[in-house]
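Q: Now for the letters of each chain:
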Amino acid sequence: MTRLFRAFGTPLSALILLFSGIWIFGLIAAPQLIMIEQSLWRMERPTGAAEISVQIDGLYNQLDVLALDRATVEAETDAAKRAADLAAIDAKEAGLKVDIAALEETESTPVKVYTLANFGQMGTAHLAIFAKTIAASLAVSAIALVVCYPIAYAVAKLETPRTASVIMLGLVIPYAINELLRIFAWQMILNQNGPVNLLLGLFGFDPVPFLESGTGVFVAMVYAYILFMVFPLYNVLETLDSNQVEAARDLGASTWNIHRRVVIPHARPGIAVGCIMTFMLSAGSYAVPYIMTRGTASPWFTQLIYNRFFEATNWNVGAAYALSLLVVCTLFIFGMMRILKVNLKDIAK
Amino acid sequence: MGGAGAKHHPAPPHNTNQGMDPEMTGQTTGKAIEFDRASVRFGQFQAVQPTDLRIEPGEFFSILGPSGCGKTTLLRLLSGFLDPTEGDVRIGGASMVGIDPSVRPTALIFQNLALFPLMPIWENVAFGLEMRGWSRAKRRDRAYELLAMVALSDHAEKLPAQLSGGQKQRVAIARALAVEPSVLLLDEPLSALDLKLRQHMRAELKQIQARTGITFVYITHDQGEALTMSDRVAVMNRGRIMQIGSPDEIYDRPDNAFVATFVGETNALDGKVASCADGMALVETPLGGFRAANPKGLRAGTEAILFLRPEKLRLLAAGETEDNQIAARVVRRDMEGAWSTLVVETGGRELKLHLPHDGRETLASGEVALGFKAAEAVILPKGEMSDD
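First to last, the protein sequences are chains E and X. Counting from 1, one number per residue, gives the positions in the first sequence under the working numbering. Counting from 1, one number per residue, gives the positions in the second sequence under the working numbering.
Bound-form chain E, shown alone (with noise of 0.2 Å):
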């Protein structure tokens, strides 16, 4: 904090405190505790509602008695008792109507109640979809991981740095078009008339239902998370030295044998980083699943979340949705850092 200050000077260290202050509280702390509380509690009826019910009930019973006491009042030939007790029940009426909205006013009011309820409310069916997602997710990762380990490490290590740039430029520009605009396109693409059914219709196959099936979702999600693979695995790979791969291979190494020794042993990083991230991205993912499938698959879980947010309004167990997915993320994390054997500090870099 000294050292801050006497780098930097007073008003230009009180800047970043506070701008290091918003962002900790705004940007990490605030919306997890918002969403933490939200899940904590729900509306229930007040305690002894069921009284308060009996109570109304015999309210509306006296007025019912009154009811019929003016029936008879109203029978009177004497104009003015008649008028003297037709007040009085009304004064009675009016006395009992507001004591009925009171008490009912009270019965459907219902007070916040702090429990953990919200979290039990996933039944089996939602629980498959959730562990469904979870498998997805971490499936879309492997196919990323596959499909892009070797992608980066040709970039990385085997182009001229020319070609390199050019094949970098190839996979970021995609990433210009808008992402909805991207997996529209794919929904198009393998549309049950789309040109890949019509492609193997020329091959004398049968339309393959892509989109029913959930592959879009796969084929999509590994298209719009590919980047966010290829570039922590490209980074790292960068700074392998060569001379490395080589002094493996004068040793002796068959190709396979460097990269399960040399390589991959220094990309561990980089896995890490682009794995979290692929999984991530995938099992948050909302655009994607909703779009590829239009409802004909099971959905995703991030859609069930949305549901209970805007269709089923109710954001405590939206909330305590989203919150287990968080958990189960972050655990995710941790996982992947304890088998790649790498800490936060690898992974900043």
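Fair warning: there could be bad hints in the mix.
As the list claims (entries may be wrong) - Pairs of lysine-lysine residues, derived as DSS-like cross-links and limited to a Cα-Cα distance of at most 25 Å, are as follows:
{"no.": "1", "chain 1": "X", "residue 1": "K352", "chain 2": "X", "residue 2": "K272"}
{"no.": "2", "chain 1": "X", "residue 1": "K352", "chain 2": "X", "residue 2": "K382"}
{"no.": "3", "chain 1": "X", "residue 1": "K272", "chain 2": "X", "residue 2": "K382"}
{"no.": "4", "chain 1": "X", "residue 1": "K272", "chain 2": "E", "residue 2": "K345"}
{"no.": "5", "chain 1": "X", "residue 1": "K352", "chain 2": "X", "residue 2": "K373"}
{"no.": "6", "chain 1": "X", "residue 1": "K158", "chain 2": "E", "residue 2": "K341"}
Claimed, not checked - In silico contact screen, one side only, chain E against chain X (beta carbon under 7 Å); selected entries:
{"no.": "7", "residue": "Q244"}
{"no.": "8", "residue": "L251"}
{"no.": "9", "residue": "P265"}
These are calculated hints, taken from the structure and not from any lab test. Since this is a predicted model, take the numbers as computed values, not measurements. Positions of the beta carbon are idealized from the N, C-alpha and C atoms, including for glycine.
Please arrange chain X on chain E, whose structure you already have, making use of the hints.
A: Using the frame of chain E, we list chain X on its own:
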């Protein structure tokens, strides 16, 4: 000395089934290397001109040249990371063209050593054995043996980053020796070390070479390394071998202007041959006529350059005469430790001479008389000179 390394070999030479024999004994014999009109071209760039070269089994052979001269390319032809555009490269009589580096009987020590940073030292050393399918216990034992040989047993479980420069150097050597190569290729492996360590490692390398009988091909731009360690040296420039010879030959009898200027320090004077006889010549230079050796038999009237080593140029005492004499004025004296370099000026040119550190070098000042023996200067045809 040439080719004598193998004689130090304690065990009778035997044919190791290179690299694949699990009963490797630590004893290998060097193999001969032959370049047969080998050349390398990268697009339009001729990295190595067609080269013929034979390196004897068990020889310590250095390839010396400025950066970009093609010496590393030559090394890559041997290690197998490159095949010649034309011609052939043979090791132990067998053509190496198209043979993968992983199966060649060579081991390479990289300039930056290229140790595997994530493996402990012993695994680095055992890497080649691991790739040859040795069991973990066996290769571990062998790695420890090799590490003991380079006095690093205590560091076997450390990571490369925990070792000093000299220690890493020795790990790289042990790692290369582990696969029992017939030819060890060294790509300026000492350039990252400081002077003292470098001198120490020179002796160590020479000793290992003598003990193992492996053919060493040593690439360097440092003439000190080439001259002290090698049986023979090839001086390269622009993809061409300019001269091959023992360190003494290279230094004392340079074949051309490039070798004369690249190896060691020299004074060069442009001139024209005035007359020649019996391997000697009289050359007219801007500083006057000098008599010098004429190994190339240059004829009278040809343009030539006279080369004179600074240690051959002497201060003459009053009244003393010499084959060639120059009057000059002392500009400055650079103390080099064991000797001093005296920079003198004559006829608008600077000449250098080395004076032994015997107390008298400090007396030289003002106008001095210099002289040198005719046999100790040499005239060579005009040609490219090193600007080092």
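Q: Does each hint hold? Answer for all of them.
A: Comparing the hints with the structure gives:
{"no.": "1", "hint": "X/K352 with X/K272", "verdict": "22 Å, holds"}
{"no.": "2", "hint": "X/K352 with X/K382", "verdict": "21 Å, holds"}
{"no.": "3", "hint": "X/K272 with X/K382", "verdict": "10 Å, holds"}
{"no.": "4", "hint": "X/K272 with E/K345", "verdict": "69 Å, violated"}
{"no.": "5", "hint": "X/K352 with X/K373", "verdict": "16 Å, holds"}
{"no.": "6", "hint": "X/K158 with E/K341", "verdict": "18 Å, holds"}
{"no.": "7", "hint": "Q244", "verdict": "5 Å, holds"}
{"no.": "8", "hint": "L251", "verdict": "4 Å, holds"}
{"no.": "9", "hint": "P265", "verdict": "5 Å, holds"}
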